[in-house]
Each structure stands twice: as structure tokens, then as C-alpha cells.
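Residue-level listing of the chains:
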Amino acid sequence: MDIYLPVAEMAVPLEVILGLGVAVGVISSVFGIGGGFLATPFMVFMGVPASFAVGTQAVQLISSSLSGVFGHWRKGNVDIKLGSVMLAGSLFGTVIGILIFKLLQYTGQIDIVINALYVLLLGSIGGSMLYESFGAILKRKHHAEAKRSKFWVKITQGLPYPMMFPRSNLCISAVVPVTLGVIGGLMVSVLGIGGGFLLVPAMIYILGMPGTLVVGTSLYQILITTTVSAFLHSMGNSTVDLLLALVLMVGSLVGSQIGVRITKYIKGAPARLLLALILLGVCLRLWQGLFIEPLEHFTTEVVE
Amino acid sequence: MNKSILIFMALTALLPATSYAQSNNARVIIDLARDNVDVTTGFSGSDIVVFGTVENNNKDQSVVVLLKGPESRVVVREKSQIMGMWLNSDTITFESIPHFYDYAVSTREADIAKPQILIDNGIGLNTLVFEPEDRDDLEDKPRYKKFQEALIRNWQHSGNLPLTAKKVKFVGDGLFRADFSLPANIPTGPYQVEAFLFEKGNLVDKRERVLEVRQAGLSAEINRYAHRYSLIYAFVGIFIAAGMGLLSAALSRKGR
Numbered sequence: 001m002d003i004y005l006p007v008a009e010m011a012v013p014l015e016v017i018l019g020l021g022v023a024v025g026v027i028s029s030v031f032g033i034g035g036g037f038l039a040t041p042f043m044v045f046m047g048v049p050a051s052f053a054v055g056t057q058a059v060q061l062i063s064s065s066l067s068g069v070f071g072h073w074r075k076g077n078v079d080i081k082l083g084s085v086m087l088a089g090s091l092f093g094t095v096i097g098i099l100i101f102k103l104l105q106y107t108g109q110i111d112i113v114i115n116a117l118y119v120l121l122l123g124s125i126g127g128s129m130l131y132e133s134f135g136a137i138l139k140r141k142h143h144a145e146a147k148r149s150k151f152w153v154k155i156t157q158g159l160p161y162p163m164m165f166p167r168s169n170l171c172i173s174a175v176v177p178v179t180l181g182v183i184g185g186l187m188v189s190v191l192g193i194g195g196g197f198l199l200v201p202a203m204i205y206i207l208g209m210p211g212t213l214v215v216g217t218s219l220y221q222i223l224i225t226t227t228v229s230a231f232l233h234s235m236g237n238s239t240v241d242l243l244l245a246l247v248l249m250v251g252s253l254v255g256s257q258i259g260v261r262i263t264k265y266i267k268g269a270p271a272r273l274l275l276a277l278i279l280l281g282v283c284l285r286l287w288q289g290l291f292i293e294p295l296e297h298f299t300t301e302v303v304e
Numbered sequence: 305m306n307k308s309i310l311i312f313m314a315l316t317a318l319l320p321a322t323s324y325a326q327s328n329n330a331r332v333i334i335d336l337a338r339d340n341v342d343v344t345t346g347f348s349g350s351d352i353v354v355f356g357t358v359e360n361n362n363k364d365q366s367v368v369v370l371l372k373g374p375e376s377r378v379v380v381r382e383k384s385q386i387m388g389m390w391l392n393s394d395t396i397t398f399e400s401i402p403h404f405y406d407y408a409v410s411t412r413e414a415d416i417a418k419p420q421i422l423i424d425n426g427i428g429l430n431t432l433v434f435e436p437e438d439r440d441d442l443e444d445k446p447r448y449k450k451f452q453e454a455l456i457r458n459w460q461h462s463g464n465l466p467l468t469a470k471k472v473k474f475v476g477d478g479l480f481r482a483d484f485s486l487p488a489n490i491p492t493g494p495y496q497v498e499a500f501l502f503e504k505g506n507l508v509d510k511r512e513r514v515l516e517v518r519q520a521g522l523s524a525e526i527n528r529y530a531h532r533y534s535l536i537y538a539f540v541g542i543f544i545a546a547g548m549g550l551l552s553a554a555l556s557r558k559g560r
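Taken in order, these protein sequences are the chains called V and X.
Numbering-wise (the working numbering), the first sequence opens with residue 1 and increments by one.
Numbering-wise (the working numbering), the second sequence opens with residue 305 and increments by one.
Next up, chain X with everything else stripped away, as it sits in the complex (with noise of 0.2 Å):
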């Protein structure tokens, strides 16, 4: 906590300077408190926060911020009952999906801009792009739809997606922050941060800022292990492994 605030009293520090160098043009800058995240064996989820001004402050501005992890590819099935039982029936792939979203605004979302400029902008959980892997699944909308809300749901359920937007606080002149949290089963992987200054209806500026979620430590070495050198890491269990159940036949028979 202490780093964020001594981010916080530096950005406090730099607003006058700044603001009196560029008088006309808008500008929005943001910071991590954190540059990066550092999923251990103990990580439970993270806490995000961003901060950031906004030179020459107006009632006409509104700011957004979004964070967006890694895309993945995401299989949604559907089950149905099948002689009595609940089966897999139907499923839709649908490619690159951000495997994490959340944004925050400052102003409803309907005053910050029309719509199709908050789409253009990637702004609010109607512009994911939810491309199916196979065409021909576009070709029966209700049933297309009806994954893609299904996916919606189920992860805005685990915390992947927002139910709706989180709020950007300004603390004080130009000064805001933006809170979000990170749930404990993300992916590894570079997160974009996104800060969008709009001005009666139009965007002035825009930053933007890579988050590195990724494992750390024995986890981290763990992971390697497993996937890169997966001869040593299968003998490494075997071993494991056996010590214990040798371990254990030994206390067993002292026990008895």
C-alpha cells in the first residue's frame, strides 16, 4: 500500500506543473498502483487500482478505464436431458475471448458518448466480439444468442465479466482512481489497461498501460517445471510420491 501512496502524493505533486504546460488540450494519465501481479501459491485474487489525472477538469468531461486480460478460446455447452440424463447436446467455440473484462466510468454511460463511439472504443460489455469458431453457428441467431448470453452469465457469475460498470472516483482536483479486483482463477498473461478521456460526447485522449499477471516463485517454477521439462517433473512426482508412501508403511507399522 505504501508504493500507491507514494504514487498517489507523486501525481498530487505533478498536477499544477503539468496542467499550466498544455492550457488547451485535454489530457488524461494514469499509473498502476502495482505494474504487475504476482500469482503465488497463496494468490486468492488481486486487488487493481488505477490512478490518474485529468488536466483542466470540467464538468463536460467524463473518464473511463478499462482492463482487459489475455483473449482465449471459450467452448460454451449447452446440456439437455437425454434418456433421463443431463448430457452435453450442443456447443458453440467462440474464439478470442477475453478471458477477464471490467471497466469503470465516471458519468452514466449514457452521458459519456453515443454508443457507437463507446463500441468503437471497445467501452462496456456489448462490444466483446463474440466470434464463433465454426461460421455456420451465426446462421441460427436465437440459438447464436443464446450461448453468447449464457457465457455472459456464467462469467459474470465467477467474477470474469462485470454485471455492470464500476465507478471511477475523483478524489480531488482532476485527481480520480479506479478500483477493480481480480478473482483467483485468471489467466497468466498481459493485461491492458485503458484510460479514455471524452468530452462532450467526444474522446480527447486516450492512454494506455500493461498490467503483467503472471506466476511467481514455486508456483511459477512449478508451472515451468510441468510444461517445459515434464520428463524431470514426472519423475520429480514419481519420487514425491514414493518417499510418502514409504513414509507412511513406515508409520503404519510403528502405529500397529
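Isolated chain V (complex conformation) (with noise of 0.2 Å):
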């Protein structure tokens, strides 16, 4: 069956988006991630405009941080202190990367441009993240996280303004937080992604974040930033599809449901060897679009 959109102005079959809401959920729920990486792509392939996925996907991207974050806030798994900070280079990634994807939209590359940063993400994180759990699982054991977080303390120890983070027991210079929103918020205005798979390793690896509180601290950071990306899409850029949003949700919702009463029986490295399966799967197919020889060298848009 198909429904129509009623602001992207096309139709699309109604079971394919709802079956991509309810792998979203799952897979959201079962890995603690977003998702987001795996609805904005499919969503242009089915022939939705870049605009409108990333649009939707901002919207999509509240209800699911905001569940997500609601868990850790209960449980005190967030620092406020560190996750503003954040923000304030949040904030302005988003803006940028707003106006970089219109920038890239007059130019006629936005969908090249999306299709190559999401196989360059998806194929570093999902190929390390491969690395890592392989040799989890083989040798039961992990050692890189000492490793890699001396190599980051060197590098950043002598920047400017250092801060306090009590909650998180830290003590690094403000930059350093800041720069890593500005890459959050770019990821969410421009790839319709809250970035958490990025952002998470990178609060361990590079800040050096306990991590029972870098999932809630990243989703707080995700959501206000989404919500903001969220406003300026839809009344910047009209191009927040509601409708589409809407099923999107609701498949989500049936997802995180299944995915819930799924995740006791995926745990640890093989979760996490799966995750990087699928996250290589998806970075395998937006390759093919950007180096196998399309059957129609020619696309046409409609203007106005």
C-alpha cells in the first residue's frame, strides 16, 4: 500500500517505511545506537529528496534519543556539565551544517557528498568495530582502551581553557568537548544522524569518560541538538515530512519494543560483531552507488 507524503509531495509504499521504523527500533534498543545510519540512506534510495530524509530523520532522531535518555537520567548516567559543553559546539556544527547543505544542494552533490561521508563513517567504525570484536572474541580480552586514551591525553593536554567535570571525575581543556560537538552537530544536520556510534568511542577513547555515563551523555547532547536541527529544518527548509516522521516512529516504537525482549541473547562482542556486519552491509551498498556504473547516467530534479 502506498501513502503519500505530503510534503516531500511523493508517494512511497507505506509497509517498506514502517518496516524500516521497526528495524531502526531494533536495532536502536538491541546496540544502544540511534539508527539513524541505516534510515537516512534507505530513505534516499526508495527516491526520497537528501532534503527530506535528513529533515525527517532530525525529527525521528528526538523520540529516540529522548527515550533513550530518559533511562540514564534515571539512573543519574548523565553529566550535565560535560554534555553542555558539548552542546555549545553542538549548536554550532548544526547551524553550519545547515548552511553547508544548502551550499551543497545549489551545487547538485548532496546526494554524492551524503552517500560518501556515510561510506567513509560506515566503513571506518564498522570495520574497526569488526577488528575489535574479532579479537575480543578470540582472546576474551581487550587492551586497546588504555592504549589509545594515553595517545589522546599527549595530544591534548596543552590546549587552552581547561574545565572541571566533577560528575565525570575529568579534568581537560574545553576544546576538546567543543570540537567533538561541532562533529555531532554537523553529523545530525547534514547526515541525519545523532552520530552516537562516532561520538560514543570518541568521549571514551579521546576524553577518557567513564563509561556508564558516555551513552547518556551523548544522547542528552543528541537530543537538544536534534530538536534545534529539528526547527531550523522545518522552518528554515521546509523539508520535515510529518506523515513520513510519524510512521517512522511508530515502526520505531514496535521495534525498540521487540528489541527490548531481544537483547538479553545479543550481548558483548558478538552484539558488537553483528553491529559492525550490518554497518559494513550498509556502507557496502552506498559504495556501489558511488563506484559501480549507474544504468542511467542521467538524473533530473525539479526545481520551485
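By construction, these hints were calculated from the structure, which means they are not laboratory data.
These numbers were taken from a predicted model, which means no experiment stands behind them.
The reader is advised that the hints may include incorrect statements.
So, partial list: chain V residues that the calculated Cβ filter (under 7 Å) puts toward chain X [unchecked claim]:
hint, residue
1, Ile62
2, Ser63
3, Thr227
4, Phe231
5, Met235
6, Ser238
7, Leu242
8, Leu284
9, Gln288
10, Phe298
Using N, Cα and C, we set each Cβ at its ideal position, and we do this for glycine too.
With the hints in hand, could you dock these two chains into one complex?
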């Protein structure tokens, strides 16, 4: 059955969008990441213009990050101070990202840039996760964390504006979390993903945050950023299709309930291996779009 | 469908009366089964039926019906391989291309009239004017032609342009119908329905109607708010998302 998207002004198969939402929900509750990396490229495959995929995804991200941050908040696993410092960067990143998006749209390269960035991100994260989880499964332990932290400590040591973060028991230059925030904000507004899968390891390895606080803090930061992004996308570009967002959110609500129930069976290194394979699978599919000769060399786009 | 049958019957009833009135002047009259197409959330394309009659129908006459959508600016981009990647490398923007065009003929196109006459009346795919936004794009003829053909090919593929002319079907004494189908991805706006009556290669009569394609119901409301009251729209979106998020969190707690 087709559903006509009133703002994107096109018809898409309802069951596919709903299924996509379910997949996103399962992934986000099993692996604790947003699942936007699956939703945005998939919508673009289906012919939804990239601008609508990203704008709508910003709304759907509000619901997934809010439901995630809720649980962490109750357990006190959110470092508000650190998250807010990151926010300063990510809000700036969001605004810049929306401008970059408009510029790329104008030059007609937006789909390709999004595609290439996804290939780069998913490929590197998926690849390193695959390597790490394989190692962990084989050796039943991993000692990479401490080493990497030291490397980043050296790099970030001399930076100005040191700040105390008592909740995380950290003293680090404010430049570092702000920079991470900028990257996070750019990912939200250009790629339509919260960027948790990049921010979470970065906060562990680069900031040296305790693992218990990382997910909650990054979700808190993503929640505010994506709310602002959704606001800017609907006010400035009118590229938010609420019907599309609603179908995705309903699907992901169902998916997250399924995910919660199966999550006890998928844990630790095998879970990370599975996630790595999913990431690489999406990466491969996008890679094809970039490197395999398309059947039709020409594309058309109606403007105005 | 009931409505179209009614119109069909009404037209049949009118037929003898009008043909007596003007016996020498051949005339064509058309009507639409529906004056408007409502694009709702369940919209997946629509069939458009045009009914009409020709007075003093004879063998030398032929009828053409065309359906034309609102015009829009279209960007055509060419991908080519740069450093292994397929990137958009070249582009031409065309001004005012009808986002939908289809036509139906009662006889072979070549038998209707001279090509020039058809072109003057906007009949057939080769009457579409492909005017590039940048006049310099006209300089390189083969390149211009390549882009023009690509646009036609892509739009034929999506159903916005026809591969060949449809058929005008005569169902009775001077009574005809033409069937068109609009794909789901059409733009909203006024669509032009035009009927032409040719006799021995000359245009003898022409009729125009407007078919209004517009969003209706919930779909129209959402679209209106998204564009006109975007502040309210943004807040509604954020609240819905927040509500769904909290619901999801509450359910997950139960599920554990």
C-alpha cells in the first residue's frame, strides 16, 4: 500500500517505511545507537530527496534519543556539565551543517556527498569494530582502551581553557568536548544521524570519560541538538515531512519493544560483531552507488 | 464511476439536439469525468477520463486530446566517473517544462495534419520547448540534445511523459473518450485539458478545460502548515516526537 507524503509530495510504500522504522527501533534498543545511519540512506534509495530524509530524520531522532536518555537520566548516568559544553559546539555545528547542506544542494552534489560521507564513516567505524570484536571474541579480552587514551591525553594536554568535570572525574580543555560537539552537530544536520556510534567511542578514548556516563551524556547532547536541527529544518527549509516521521516513529516504537525483549540474547562482543556487519553491509550498498556505473547516467530534479 | 456514466448519458442525450443546430460547422465538445483530482494521503496515482462528442462526425476528421501539467524548472545532471567515483559532473537547467504531458489521437499522427500544424498547437512530444536557463547551453548542440533526450527518457520512465500517443476511442456516433493516468509523483496545480478537431489536415475546432489537481484532507492540512505556519508545524513535530519517545521509554521499562 502506498502512502502519499504531503510535504515531500511523493508516494512511498507504507510497509517499507514501517519496516524501516521497526529495523531502526530494534537496532537502537539492542545496540544503543540511533539507527539513523540505516534510515537516512535507505530513504534516499527509495527516492525520497536527501533534504527530506535528513530533515525528517531530525524529528525521528528526537523520539529515539529522548526515550534513550530517559533511562540513563533516572540512573543518574548523564554528565550535564560535560554534555552542555559539547552542546555549545554541536549547536554551532548544526547551524553550519544546515548552511553546508544548502550549499551542496545548490551545487547539486548533496546526494553524492552524503553517500561518500556515509561510506567513509560506516566503513571506518564498522571496520574497526569488526577488528575489535573479532579480537575480543578470540582472546576474550581487549586492552586497546588504555593505550589509545594515553595517545589522546598527549595530544589534548597543551590545549587552553581547562575545565573540571566533577561528575566524570575529569579535568580537560574545553576545546576537546566542544570540537566533538561540532562534529556531532554536523552529523545531525548534514547526515541525519545522531552520530552516537562515532561520539561514544570518541568520548571514551579521547575524553577518557567513564563508560557508564558516556551513552547517557551523548544522548542528552544529541537530544538537544536534533531538536534544534528539526526546528531549523522545518522553519528554514520546510523539509520535514511529519507523516513520514510519524510512520517511522511508530515503526521504531514497535521495533524497540522487540529489541528490548531480544537484547538479553545478544550481548558483548558478538553483539558488536553483528553491529559491525550491519554497518559494513550498509556501507557496501552505498559504496556500490558511488563506484559502480549507474544504468542511467542522467538524473533529473524539479526545482521550485 | 457513477458520475462519469451520468455525464456519458447526458452527452449522448445532447447529441441529436446540437447536431441539428449547427449542421455545417463541425464542433468538438469535451467534459471530464471529474473536474478535480484530490491528492490525499492514500494517493497512488489517478485515472483521468475525458469524454467528448464530435458533431457531424465523418471519415476526414480526427480528434486529439491532450493533458498538460503545470510547468516547472528542471535540473538535469550527468554523472561521470571521476577518480573511480560516479559524480555529477555536468548539468543543464531547463526552464518551464510541463511536469506531466500526455496526449491521445484518434488516427495515425501522420494522418492528422502537417507536422508544423501539430507543433503550432502543442501536440506531440517534440513540441515541448526545452529552453535552457543559461543560453550558452545552446551552443554545444550535441550536448544540449543529449540532456534533452535524457530528460525525456527519465520522465517517460517515471510515467510523466508518454512513450507513444494514447488512443482516442470512438464509442458511438461522434462520441469519444480518452483515458489518461496520472502517476503518484505528479505536482499539484491546474492541468490543462485540450481537445482539437481536425478535418482534412486543418484545425476546425478546439476546446479547453482545466483539471484541478490539489492536495485534500489531512494531506493538504499538513502541507499548508509545513509551509505557511512553519513555527507551529515545528513545535507540533517536536511534541509528537517527544511524546513517542516518552511512550517508548515507558513501554521499554515495562518490557524489561
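Each hint tested on the structure:
| no. | hint | result |
| --- | --- | --- |
| 1 | Ile62 | 4 Å, holds |
| 2 | Ser63 | 4 Å, holds |
| 3 | Thr227 | 6 Å, holds |
| 4 | Phe231 | 5 Å, holds |
| 5 | Met235 | 5 Å, holds |
| 6 | Ser238 | 5 Å, holds |
| 7 | Leu242 | 5 Å, holds |
| 8 | Leu284 | 15 Å, violated |
| 9 | Gln288 | 10 Å, violated |
| 10 | Phe298 | 3 Å, holds |
Of the numbered hints given earlier, the model fails hints 8, 9; all others are met.
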